Amino acid sequence: MAAPTTPSIMGQVALALLPGAGVMLWLFGLGVALNIAAALAAALAAEAAAVRLRGRAVGPALTDGSTLVAALIIGIALPPLLPFWIPAVAGALAVLLGKQAYGGLGQNVFNPAMVGYLAVLLAFPKALSLWPPPEAGLGAAVPAGEALGYFLTGALPPVADAMTHATPLDKLSTQGLSALAPSGGPLRQLDAAGAWLWLGGAFTLGGLALLARDIIDWRLPAGVLGGTAATAGLLQLSGGAPVTFHLLSGATLLVAFFIATDPVSAPREPGARLVYAALIGAVAMVIRELGGHPDGFAFAVLMLNATAPLLDYTVRQRRGERTT
Amino acid sequence: MLSAVLTITAIAGVCGIGLGAAGRRLASQQNPVVDRIDALLPQTQCGQCGYPGCRAYAEAVASGEAPVNLCTPGGNATVNAIAELLQVEPEPIEEADSGPKVAFIDESQCIGCTRCLPACPVDAIVGAQRQMHTVIADECTGCELCLDACPMDCITMEPVEPPLSSRVRPLPTPETTSAHPEQRPGPLRHREVAPRRGGVAVDDAKDLTRPEPVRTAPLPEELAVPLLDHAGARLDASVAAGDTVYRGTPVTGTPIDKPGVPLHAPTSGTVRGVARRPIAHPAGASASCLIIEPDGTDTPEAPMPAFTDPLQADPDALLERIRDAGVRGMGGAGFPTTLKLADARRSGVDTLVINAVECDTYLTCDETLLRQRAAAVVHGARIAAQACGAGRILAAVKYSATEAAAAVEAAVEASDANIQVVRVDANYPAGNERHVVYPTTGRTVPPGARPPAVGVVCQNVATLDAIYHGVCEGQPSVARLVSVTGGGIEARGNYWVRVGTPVAALIGDAGLPGHRTLVGGGIMGTPITDRRIPLTHGMNGVVLEGPEEAPLDEQPCISCGRCAEVCPEGLEPFEMARRIRAGVGVGEAPEHVELDPMRCTGCSSCELVCPSSKPLAAITGHARDVARARMREREQAEHARQRYEAKQAREARRQREKEAARRRKRKTVAAQAEQQQQQSQSETTEG
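Keeping their order, the protein sequence lines are chains S and G.
Under our numbering, the letters of the first sequence match residues 1 to 324, in that order.
Under our numbering, the letters of the second sequence match residues 1 to 687, in that order.
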């Protein structure tokens, strides 16, 4: 095996994201691809402009693959029915505020994709709550024509109300645990759960491939899943949703395998990494169960990003005290 | 309303207490800027900057009121260091700073007035009334205080050459490495590289030279023997221009006070004199070399008497012979073998390890030597064991060197020696003497220690061959086997090369311009740009890289942590590189053991696996050089201070003694006067 290079590592991460993106495309239609394309185009343009302004070589910065990975994650995280400027703003802000503001690749404190995603989540809360119900088949959930029309014009198609659908996490947040129980339309509810299961399986597949190829550190996904399960378990005792629901729904698996594993914004010390990842899971669970937002992973990731240097410092300091 | 105010107040209070506690518990360990600038200043307190002392200048620079370039004694090195710390443009000092200087007395003009003696604060001038005075160059601090004291103006400041060990290799940056790819430090790009914990599985590229026949390099038109000892200090030539030398004639004296090992003329010919030549050094240094023009006959000097039964000989006699034969560590370090063996004997080692692991890529000179001369190496190992008192001999051979291992086994069987051959794992690095101890003996060398600490001494095969020829044939060590290889070389193979042969004599001008030439192996080799660089005892290879072996352009670090995973010393190269390039803590004591550049052995495993192709080993090497140079400066400053205080104490004592003598004299005079008075009184009364 030839020595890995940064583009080859980023390329493998992007490849590992493809199963997840494919399942999203299959469940939610063309909108996913449009989101990814808009985010990628805006992110590349922003990267080129910022690198040029900073007086660095544009070529290597565009081809290092980090922008591609960030755009893929943004495209997957956003709901599949959006006007083009929202994913574009997310992609551009991810690069400009999340990465280049700190000095480019390798220097950033926060995960760029999460910076871009959260910026648009807070700026366009209504648009970002619009999830169509998952439906197997490329055009089944949203017809391709309507998706493209909304993407280009921003005018909500007439079927919009019919398409609006509360994700399981939305239901948990607004109506409580009872709404999750399959009572009204048992078949439809089961279908939905099955769809989320498919998506989780695709993310896990990609993540396991990265683990097998030694691209990501096992401590990070293990920590996130462990922290999520432990906190969800505790909260379940006081009447929260079941642990398996939290592990399989929303962004849990995407964060565990693709976002928390970003080595730049994670701590460097193995011990610190375990604590960091477990705390991401814990904070996200607290937000999900007790906070106002349906999903808390993006907030949890940024919060723990900020503490990464402190965790590293503490671990090194403790080891120094032990050895001397 | 009230509850809201109370809640907010309570939250603010809790946050305030939390922040206060955090501020106290996690207080920054970094020195404030003033302290760090002060640490960069030379502490001469000379006031040449216009501020009262170094501390005051540091404060002025930190507050921005003084430019960074006022420190004359510190020179441009200090200017650059402060500019790097403050992230400002360095403004070089205008006068060309020519490095350290010491006072020199023109003895033909010195009248012996002794006036300069008290002027010297560190007692560096010796002399007596009407005798010529001389400056002890090693003690002179270059303060220039003696210049004004001399009535004859016969003292001048002469530049001195700083020792090689104080040279600091430049810090590689993305800009410098892309502007000068031929000087870029770092390993060649290998086809296969896979990280392992504490090492790297790497394709060793040894098949390039393994099947080639062994050849002898022709004598060049001119040989240049660097007059340096292992520590980089200068040796004095004992021959002069025009002298005729033979192969094996000693060309340096062996001073009794220094643990030097003599150098020998590599062939017969005429001494042309001493000239400065570039040498293979990470900082691109040059050194004084003895230039010899071969006469082509290669006439040998009369050999030293051979030992008839070296295995029963007195260890001291063997050590002396190993020294006189000029045997140096030929695995790369060039450390005098006699000192290593004597140290091993003092430590009471029980095991000698024949180190034939040769883990650096591209090199096959050691295994080729074993195939050719296994019997001599085995005999040399028994002599070395006798000299250091080791009762057991083990031979460490790499897995891939099957033929070499068979040759050693055959040689062991042919002799009556009890030597066990151990095959060592193929991962890199395995051949560093600290790493070879565990797989052979099962003992672990503690961090920072050398193998004799656990009763083991390691010797490279080429060194053992040289010991055999020195002891059993009386022949000094003047040649070695060198692997000439790499994608850019046509006639690859192992060559017998005389010490002092320039690299150009081996590879001509192949691959110029653009492709890197490394002296050493494919991983730890030093890139050279001047092919006049002469070969020395420790140089085991010359590697000319092909286009696909050139390192890739550097990319930003993504903190993947592979370098920390493979580091055999447990360091964190990416974090070190980040700090060193930011100028944080360079030359200071490290904050954590994982970040101590002095623990880096320079094996470059980190660089092999780095996806961003960062020159990590050279960045760490820069910090190591700076730390070493700082340490040396501090030692010198401490030494000068001690001499200064000793002188002050002596002068105070002398003053006291003088005072006491004067008082005694006054008392005696007074007593005498009284006596005389009494006498005269009595005389008058009598009269």
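These are computed hints drawn from the structure, not numbers from a lab.
Since this is a predicted model, take the numbers as computed values, not measurements.
Careful: at least some of the hints might be erroneous.
To be verified - To give an idea of the chain G side of the interface with chain S (calculated C-beta under 10 Å), a few residues:
#: 1; residue: ASP38
#: 2; residue: GLN555
#: 3; residue: SER559
#: 4; residue: CYS610
Backbone N, C-alpha and C define an ideal beta-carbon position, used for all residues, glycine too.
Under 10 Å is the threshold here; is the Cβ of SER559 of chain G close enough to any Cβ of chain S for the hint to stand? holds, 5 Å
Grab the minimum C-beta distance from GLN555 of chain G to chain S and call the hint holds if it beats 10 Å, violated otherwise. At about 5 Å, which falls below the 10 Å cut-off, the nearest Cβ of chain S leaves the hint on GLN555 of chain G intact, so it holds.
With a cut-off of 10 Å on the beta carbons, see whether ASP38 of chain G makes it to chain S. This hint is violated: ASP38 of chain G lies away from chain S, its Cβ roughly 25 Å from the closest one there, beyond 10 Å.
CYS610 of chain G as an interface hint toward chain S, with CB separation required under 10 Å: At about 8 Å, which falls below the 10 Å cut-off, the nearest Cβ of chain S leaves the hint on CYS610 of chain G intact, so it holds.
This entry does not satisfy hint 1, going by the numbered hints stated previously; all others are met.
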